[in-house]
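Participant: Take a look at the letters that make up each chain.
2 protein chains.
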Amino acid sequence: MRCNVVAVGTELLLGQIVDTNSSYIGEQLAAIGIASHLQLKVGDNLERIVDACATALQDADAIIMCGGLGPTHDDLTREAIASLMGVDLVHDDEIARVIEEMFAMRQRRMAANNLRQALVPRGASVIPQTRGTAPGLICPVGNKVIYAVPGVPHEMHDMLARAILPDLLQRSGASAVIASRVLRTWGESESALNERLDDVISELDAVGNPTLAFLASGWEGIKVRLTAKSDTSETAHQLLDTWEQRVRGEINDIVFGVDADTMESVVLDLLRTHGWTLGVAESVTGGLIGGRITNVAGSSEVFRGGVISYASDIKFDVLGVEHGPVVSERAAMQMAQGARRVTGADVGLAVTGVAGPDEQDGQRVGTLCIGVALPDGTSHATTSVLPGLRDQMRQFSVITALDFLRRHLLTL
Amino acid sequence: MRCNVVAVGTELLLGQIVDTNSSYIGEQLAAIGIASHLQLKVGDNLERIVDACATALQDADAIIMCGGLGPTHDDLTREAIASLMGVDLVHDDEIARVIEEMFAMRQRRMAANNLRQALVPRGASVIPQTRGTAPGLICPVGNKVIYAVPGVPHEMHDMLARAILPDLLQRSGASAVIASRVLRTWGESESALNERLDDVISELDAVGNPTLAFLASGWEGIKVRLTAKSDTSETAHQLLDTWEQRVRGEINDIVFGVDADTMESVVLDLLRTHGWTLGVAESVTGGLIGGRITNVAGSSEVFRGGVISYASDIKFDVLGVEHGPVVSERAAMQMAQGARRVTGADVGLAVTGVAGPDEQDGQRVGTLCIGVALPDGTSHATTSVLPGLRDQMRQFSVITALDFLRRHLLTL
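Chains P and F, in that order, are what the protein sequence lines are. Everything in the first sequence is counted per the working numbering, starting at 44 for the first residue and increasing by one. Everything in the second sequence is counted per the working numbering, starting at 44 for the first residue and increasing by one.
Don't read these hints as lab results, they were simulated from the structure. For each residue, glycine too, the CB sits at the ideal point set by N, CA and C. Warning: the hint list may mix true and false statements.
Said to hold, decoys possible - Interface residues of chain F toward chain P, partial, derived using beta-carbon atoms under 8 Å:
no., residue
1, R149
2, R152
3, A154
4, A155
As the list claims (entries may be wrong) - These stretches of chain F come out as covered by chain P in the derived footprint (C-beta under 8 Å, 3 or more residues):
no., region
5, 119-131
6, 379-385
7, 432-441
Stated by the list, open to error - Ranges between beta-carbon positions, derived for each pair:
no., chain 1, residue 1, chain 2, residue 2, range
8, P, N88, F, A97, 39 to 49 Å
9, F, R239, P, E238, 28 to 38 Å
10, F, D296, P, G129, 34 to 44 Å
11, P, D136, F, E231, 37 to 47 Å
12, P, P209, F, D241, 45 to 55 Å
13, P, H317, F, E293, 31 to 41 Å
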């Protein structure tokens with residue numbers, strides 16, 4: 044089974060928008076074992092859209108068209124499909140009714156051309172709207188099929204999961220439910236992770252279901268994604284449970300969360316469990332740790348605030364660090380104690396380091412000292428040397444520091 | 044003149060990497076008036092690469108191939124081009140010498156297959172390497188041309204500017220030098236900007252050179268880019284100077300910088316000019332302002348640090364804010380004074396607001412109060428209501444606050 048992708052829109056060719064849709068579709072297709080050999084971008088020109096689709100359909104069983112379903116005269120996906128199917132466009136009363144209702148609800152006047160979105164190639168079936176006004180389409184062309192979805196990412200994601208992937212699976216004769224689970228990891232390179240999961244990957248290759256993929260996410264760590272196909276949602280999730288345990292058996296020490304978890308949400312949850320509050324003292328990161336923690340809604344229950352001690356004398360005068368080298372484990376621990384005291388928090392987290400371009404206190408660029416101060420009065424510190432240019436080193440510092448705190452909280 | 048794009052790499056189809064290269068190329072081509080009607084992604088398979096290139100070349104004068112120039116067996120761009128040209132691959136001594144030197148310099152062993160990168164389709168000319176080991180190629184095919192560049196973005200950008208765009212311009216019979224200038228703006232929507240520049244755009248449309256484009260960059264504001272073509276670099280820059288003045292005549296009040304300037308670099312430069320240091324007090328942004336300022340290398344000369352006063356009692360106890368509503372201009376000004384005092388800085392900048400999901404102090408989600416405290420002891424404040432969900436509102440807060448400070452510094 045092969046499925047190619049055609050993204051429609053002149054703005055894509057002009058680079059005004061990056062086409063992330065076809066990457067997303069490619070990833071989703073791969074997860075269910077469907078090959079995608081060609082992905083095209085084409086502008087809002089009927090003849091060229093038809094040509095591009097014919098090319099994409101030539102060596103494939105299906106294509107997914109993304110975009111060009113809007114109401115304006117340069118939205119030509121419906122016309123292109125009708126031309127490829129050799130049929131005319133017919134007005135769909137049900138779609139028109141939904142569009143009219145939507146405008147009425149928002150108390151906005153509906154322009155006449157909005158009813159263009161109620162046109163459907165004769166013989167096509169409709170994928171009901173998500174939240175926008177454009178429905179998707181499933182259009183048979185001989186023994187092949189053209190799917191059409193809006194270019195708005197969240198509408199496309201929804202229709203892909205709800206209608207297209209199941210339809211593709213059914214056509215391929217495979218089972219109809221897909222479920223996936225992501226294990227979030229921090230602390231290993233992709234190649235090291237690959238090595239540690241070598242046996243699991245071989246076993247999975249042999250059974251073929253679920254599939255396992257690594258998604259390198261830069262300073263967010265590496266995601267390990269399991270995708271299972273099955274007849275029912277229940278058996279798909281059983282498969283995921285079984286293999287999650289098998290994967291965790293090899294790499295549980297570096298798994299910090301599942302699915303929508305982030306390092307900061309996990310740390311906040313652990314603190315909440317203990318009933319503890321957090322204060323930070325940031326030098327090299329200049330506020331990024333606080334910035335990231337406070338991006339989690341509800342963080343105010345746990346996070347009190349902190350001190351950005353960029354200049355050394357703020358470390359000494361505000362945080363009470365003793366004079367001496369400020370990029371050191373000693374300074375990091377005293378900063379963490381200072382953060383607890385100044386913010387009145389139970390737990391203090393502090394970072395001091397060298398982001399470059401020049402070294403500092405005889406420490407090389409990339410050096411990061413992390414300090415943690417706990418409610419029992421103890422302090423702990425560690426030193427890492429992180430890679431990357433200024434921005435990258437600082438972002439790595441944030442997640443490395445949060446992970447150090449997480450590991451301490453887990454032992455308490 | 045038409046130039047299509049073929050991005051090569053199975054990882055692109057699988058969605059492991061988003062193809063940003065063809066968007067970048069499309070944008071650059073549009074800036075010099077060359078049309079791009081079709082952009083394709085194809086995997087590492089010789090037959091399919093050849094087919095994709097033939098398709099892309101069919102209605103175009105040129106194609107740019109991106110990727111597949113590495114040393115491994117699945118890097119097939121050279122072979123595909125040789126097949127399309129109907130020639131064999133020949134070993135280029137000069138390329139081989141450069142590759143061998145590069146490995147020697149890094150004191151690394153060179154694998155034999157690295158010399159695959161010294162193979163060149165007979166009749167092609169070479170675009171010398173940027174910093175990697177892969178050279179680019181200019182390959183005539185009848186009266187058309189195939190360009191090949193590495194998929195590594197910075198190498199591709201360099202070869203495009205240095206060799207491909209000038210070659211395309213020459214082939215199109217146009218003048219040979221392109222230069223561009225970006226005016227960074229903050230404070231207007233794209234449609235408002237468009238309206239204010241209506242006359243300038245009409246004049247530019249009439250003369251055709253330079254071209255003007257808007258690049259919406261979310262919470263970085265909107266960039267107005269002028270791109271000029273000319274015979275010499277000098278006359279191109281004269282054109283840019285003239286039209287920059289013309290554009291500034293209409294929108295100078297919202298231009299905060301040029302080319303590589305950022306809001307934070309501009310604010311730091313202004314403070315440096317006055318010989319002043321900066322301290323911040325952040326509530327709703329939780330550290331993002333400090334995080335962004337300290338991403339500028341050399342910011343430590345100007346930025347002393349700050350207080351993340353997320354919990355209200357840190358505003359009262361550490362910053363000395365009087366008890367009362369904390370999302371208010373009064374609180375913002377007192378926070379800014381507190382930031383000056385705690386950090387020992389000349390200038391204080393403070394933000395307090397409501398990122399949601401719930402309102403606070405009777406203020407609706409999106410409310411932002413900004414306070415500035417200046418060396419003369421005066422304080423100033425303003426209130427905005429910003430759009431967007433939590434993350435977006437907070438990022439808008441950062442640039443809005445920095446812009447408020449910038450406008451005050453400009454009057455001093």
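Participant: Tell me the numbers of any earlier hints that the structure contravenes, in ascending order.
Facilitator: 1, 2, 3, 4, 5, 6, 8, 9, 10, 13
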